[in-house]
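A.B. asks: This is what each chain is made of:
4 protein chains.
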Amino acid sequence: MQIGMIGLGRMGNNMAERLRSGGHKVVGYDISPDSNRDVDSLQALVDALEAPRVIWVMVPAGKPLDSTITQLSNLLGNGDLIIDGGNTRFTEDQEHAKTLSAKGIGLVDVGTSNGIWGRENGYALMVGGSDENVARIQPILHTLKPEGDFGLVHAGGTGAGHYAKMVHNGIEYGMMQALAEGYAVLEASDFIKDADDVVQSWRKGSVIQSWLLDLLSNALHKDPHLSHIAGKADETGETKWMIGDALELGIPTPAITAALYARQSSQIQDPATMKVVSALRNEFGGHSIAKD
Amino acid sequence: MQIGMIGLGRMGNNMAERLRSGGHKVVGYDISPDSNRDVDSLQALVDALEAPRVIWVMVPAGKPLDSTITQLSNLLGNGDLIIDGGNTRFTEDQEHAKTLSAKGIGLVDVGTSNGIWGRENGYALMVGGSDENVARIQPILHTLKPEGDFGLVHAGGTGAGHYAKMVHNGIEYGMMQALAEGYAVLEASDFIKDADDVVQSWRKGSVIQSWLLDLLSNALHKDPHLSHIAGKADETGETKWMIGDALELGIPTPAITAALYARQSSQIQDPATMKVVSALRNEFGGHSIAKD
Amino acid sequence: MQIGMIGLGRMGNNMAERLRSGGHKVVGYDISPDSNRDVDSLQALVDALEAPRVIWVMVPAGKPLDSTITQLSNLLGNGDLIIDGGNTRFTEDQEHAKTLSAKGIGLVDVGTSNGIWGRENGYALMVGGSDENVARIQPILHTLKPEGDFGLVHAGGTGAGHYAKMVHNGIEYGMMQALAEGYAVLEASDFIKDADDVVQSWRKGSVIQSWLLDLLSNALHKDPHLSHIAGKADETGETKWMIGDALELGIPTPAITAALYARQSSQIQDPATMKVVSALRNEFGGHSIAKD
Amino acid sequence: MQIGMIGLGRMGNNMAERLRSGGHKVVGYDISPDSNRDVDSLQALVDALEAPRVIWVMVPAGKPLDSTITQLSNLLGNGDLIIDGGNTRFTEDQEHAKTLSAKGIGLVDVGTSNGIWGRENGYALMVGGSDENVARIQPILHTLKPEGDFGLVHAGGTGAGHYAKMVHNGIEYGMMQALAEGYAVLEASDFIKDADDVVQSWRKGSVIQSWLLDLLSNALHKDPHLSHIAGKADETGETKWMIGDALELGIPTPAITAALYARQSSQIQDPATMKVVSALRNEFGGHSIAKD
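Chains as they are written, first to last, in UniProt numbering: chain A, 1 to 292; chain B, 1 to 292; chain C, 1 to 292; chain D, 1 to 292.
Possibly wrong hints are sitting among the right ones.
Where chains are identical, the list cannot tell them apart; a pair therefore holds if satisfied intra-copy or between any two copies.
As the list claims (entries may be wrong) - Calculated lysine to any residue pairs in the SDA-like style (CA-CA distance at most 25 Å, straight line):
(1) Lys222 with Gly148
(2) Lys63 with Gly244
(3) Lys232 with Leu249
(4) Lys193 with Asn133
(5) Lys193 with Ser21
(6) Lys193 with Asp131
(7) Lys63 with Thr91
(8) Lys193 with Thr143
(9) Lys232 with Gly250
(10) Lys193 with Arg119
(11) Lys222 with Gly237
(12) Lys98 with Gly115
(13) Lys232 with Asp47
(14) Lys222 with Gly286
(15) Lys103 with Gln2
(16) Lys193 with Glu132
(17) Lys222 with Asn36
(18) Lys193 with Arg89
(19) Lys232 with Gln269
Everything labelled a hint here was simulated from the structure, so no lab data went into it. Just so it is clear, the structure is predicted and the values come from calculations on it, not from any experiment.
With the sequences and hints as input, model every part of the structure.
C.D. replies: Listed below in structure tokens is the structure:
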């Protein structure tokens, strides 16, 4: 089918290619003239598509996305449909849906996983929206998903797709942290000759065999003991939001929270918490404290 | 090659079968007359094997294992070799090795993973011991491991095999907890129509695709929403030991620790911690506290 | 000075009494006819006070408070001032301030601590609002606070009082949990003859001497080993909000988060997390799982 | 009464002074000639005391203590008594008691709190040993403890004193971390004008009023916002041991564990855990990773 694609960064571009390989007609737009865009404005994109239009938006959450939604709400009309495939917070999907439905425009939110591997292997897709709207974009979803029985779920109404993806990312953080802690212990222990060898061996026959373990094995192959990688990691929002919602639901998520905190800590120089602890030790114990 | 197998429970029996299918001659012994043992005493087992003997011990750690090692140290002689394939604490391997080496008996410790799936698919094997002893049992290890490049590592000297397995189990706990927390949030949220469907969809194309996710999917297929399973989980020691050793190494393992604590908490009725919190709330806030 | 007091539950009533003892003229109102209210409607309260009025609102956060604020915004006028002394989320103070300032009504938010002990010993007060508004209510604040140098702070603009109280409560949760964990370990260990005696001894000369320790000592005195208290504890919102804001600020709060999760866990029967862990153990290890 | 004191560092020296002020005759020894020791060898110390002797040992745990105990076991005789007042691991008390009892020498283990404040205000003392031995040193204990009803407990048999002190330190870590997290959030939030002012205000009327809060207030007074203190903190062993024992007891201690992990993390440059997380993010998402 025909589809517009807004945002031709790494993810959007790969998706557009997979859709074209699948026989769909994709009209691409990006704000950057250096992208391989087909049209040079949102207006041109809208004009290039036959109504009722379907447009996939692959734009960073927050201001860039809000601005795109606002502009599209003015350019599109009754019966058109926007698919938000980015990492939007589920609470914002509700806002966007309200804005758009006032003009008769539909919204489907899609959480997508698999990063740079999706172009070839397909993307795990978690979809939120009305049955009608989700049915309408099945051809698109089926081209993007991996082959086989899995990789696509209609998770619920508006926001459910991003909600499911948010939880997926929380699990991802927890799994990565578990692998990381295990590796760090192997590296620190005198018992283990070579931590990398142990990790490699786990790729088959172990209970923890997983794609993440395979990726760690790849990384260790390229850079033994990860000696060229800095001990810092960013976080991208979804897991923070997940923990925030779990707090409200009353569901403790201690392992996933530990994973987020480890990343946040790695970004903090000279943490105020440890200043307090150090100052207190000095006050009651006369323990020396390193001055800046 | 020829090998004795002591302990014919689920794990030991499966391993004996896999070894026999691989062309080895296995003489099995178990304390229970109801097992399918080949001989009815340790002495008979030793007599049935040609020196220098190799005996795989698959007996619960702690007293049963200690007793077996002590008896074997009296029955075996110079050049014989014991393989401890159970879930022994790595610190105890050192003790056992000392006892045995005084008689010229070797020890190789092997951590094994894959549970009930190993019979058919092979076991991930983590091996500790001297190069010479580990070389000697290669035919056995190659039959037990999965096909392909992975699933076997000589992790280091005595204790290293159980150490690596201990870390493997720590990671396993962390990954399971991450999956569990994600599932619990999906179940609790009004956004998600059916948590089970979302989990199924992740089996392909997602970053968290893994054997554990496949197993969860199987379990959900058999028992939707796990409604027939009690919300309690045991722990089996290795992860506790891993955290203990990480504490000494100065390596924080917060996600894995969270996983262990969640299991321990699930076993405690009426925890003293919450009694204290509740009593304090009553003292300063007059908050009512439920009496037993 | 003259002040209205809305909400005559335990906290509001105690405060009204402390204010009267301090020489202020308090007009009290509560929705319940069984309270010792002076007037029987908000309108009557407003009529009983001379303009420009000052009204202390001590009403549960959420709907009761929102409704009270809305009604007062219609009854009060330019120059009047509302003090919200409840446990309101700091983000809602902003909303309320906006509603009220449209009518020329001021808002000061005050976090109050010390629970049932404040009547006699004074309340720790954390205050948010404009310099002008906070200055205006100094006589009230000075009567309510404890004697001496401490117990009162103008923490910042609108919302800062409740923000500071929220953080106070987070610390409180963390301290209580630390005491609780220590007590639970003492109770469980064979080394300790009587955990209660040990706790009592810490009241002087120890680094952990604190009001909470004194309260625990009182509770243990009344109910040795807390044998009549159930091992469950509620949470009241502030700590959850604090963790939520810390997540956004990128400041890890692992000990306080652990304290909240322990309380939340104590409220959950048959947790879905442990169902998942148990189901997985069964899938890969054939471990038996208790059915409901 | 008469007592020997071995180890005249800050703690030992202060205790000797407090004992002398209390009318006891103290003979001090330290390995360092620069200390204000009364005798210059262990032999001389033993000779200077009348049998049956009582000797307080205030020496670092581990090798220095083990060596001192071994030497004393050869110099002392039947009926003599050693008091170990240091931060010894409770498991080692058992070893020492065995060594000493073979010679008829008694051992009492005493955990002491209050650091540099004890000289003047007294030390909280947690005592382990037989009723008879503990009775014998009551005059010493009563001089060292604070005035009043609290500050001294006979916690149980050998090791119980150090066990109780270990738990005390675990609670101390948890309380300090709770304060630290709260302070860090106040510092990071735009809502709060001055975090230091808020902390000061809590010293009276709040639920968290405590000696540690007073000490933090002192520290902030000397060094506003702790700007001259590095964000790092050491750990001294006891809390690590407490968590280790709690793991074996099956009692989760998540807040105290979080406190320890925060300190351990602050000591690690370029943690392997975050290298793994960063490497994985690069593998699946193409996220850039900072090279060393």
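A.B. asks: Look at each hint and say if it fits the structure.
C.D. replies: Here's how the hints hold up against the structure:
1. With identical chains, the CA atoms of Lys222 and Gly148 are at most 25 Å apart between copies only, with a shortest distance of 21 Å across copies and 31 Å within one.
2. When the C-alpha separation of Lys63 and Gly244 is checked against a cutoff of 25 Å, the pair qualifies both within a copy, at 21 Å, and between copies, at 22 Å.
3. With identical chains, the CA atoms of Lys232 and Leu249 are at most 25 Å apart between copies only, with a shortest distance of 18 Å across copies and 30 Å within one.
4. Taking CA atoms no more than 25 Å apart as the test, Lys193 paired with Asn133 passes between copies only; the shortest distance there is 16 Å, against 56 Å inside one copy.
5. Within a single copy, Lys193 and Ser21 get their C-alpha atoms no closer than 47 Å, and across copies no closer than 32 Å, so neither meets the 25 Å cut-off.
6. When the C-alpha separation of Lys193 and Asp131 is checked against a cutoff of 25 Å, the pair qualifies only between copies, where the shortest distance is 12 Å, while the shortest distance within a copy is 56 Å.
7. With identical chains, the CA atoms of Lys63 and Thr91 are at most 25 Å apart both within one copy (15 Å) and between copies (21 Å).
8. Taking CA atoms no more than 25 Å apart as the test, Lys193 paired with Thr143 passes between copies only; the shortest distance there is 24 Å, against 46 Å inside one copy.
9. For the identical chains of this complex, Lys232 and Gly250 are inter-copy neighbours only, at 14 Å across copies versus 30 Å inside a copy, given an alpha-carbon limit of 25 Å.
10. For the identical chains of this complex, Lys193 and Arg119 are neighbours neither inside a copy (38 Å) nor across copies (28 Å), given an alpha-carbon limit of 25 Å.
11. For the homomeric pair Lys222 and Gly237, neither the shortest alpha-carbon distance inside one copy (29 Å) nor that between copies (34 Å) is at most 25 Å.
12. Proximity of Lys98 to Gly115 under the C-alpha cut-off of 25 Å is found in neither arrangement, the shortest distances being 29 Å within a copy and 43 Å between copies.
13. Taking identical chains as interchangeable, the C-alpha atoms of Lys232 and Asp47 are never at most 25 Å apart, the minima being 45 Å within one chain and 59 Å between chains.
14. Within a single copy, Lys222 and Gly286 get their C-alpha atoms only as close as 47 Å, which misses the 25 Å cut-off; across copies the closest is 15 Å, which meets it.
15. In the homo-oligomer, the alpha carbons of Lys103 and Gln2 lie at most 25 Å apart inside one protomer (21 Å), although the nearest pairing across protomers, at 54 Å, exceeds that limit.
16. Taking identical chains as interchangeable, the C-alpha atoms of Lys193 and Glu132 lie at most 25 Å apart only when they sit on different chains, with a minimum of 16 Å there against 58 Å within one chain.
17. In this assembly of identical chains, the alpha carbons of Lys222 and Asn36 never lie at most 25 Å apart, being 31 Å within a copy and 48 Å across copies at closest.
18. For the homomeric pair Lys193 and Arg89, the shortest alpha-carbon distance between copies (18 Å) is at most 25 Å, but the shortest distance inside one copy (44 Å) is not.
19. In this assembly of identical chains, the alpha carbons of Lys232 and Gln269 lie at most 25 Å apart whether taken from the same copy (11 Å) or from different copies (10 Å).
The structure does not agree with the numbered hints 5, 10, 11, 12, 13, 17 stated previously, though it agrees with the rest.
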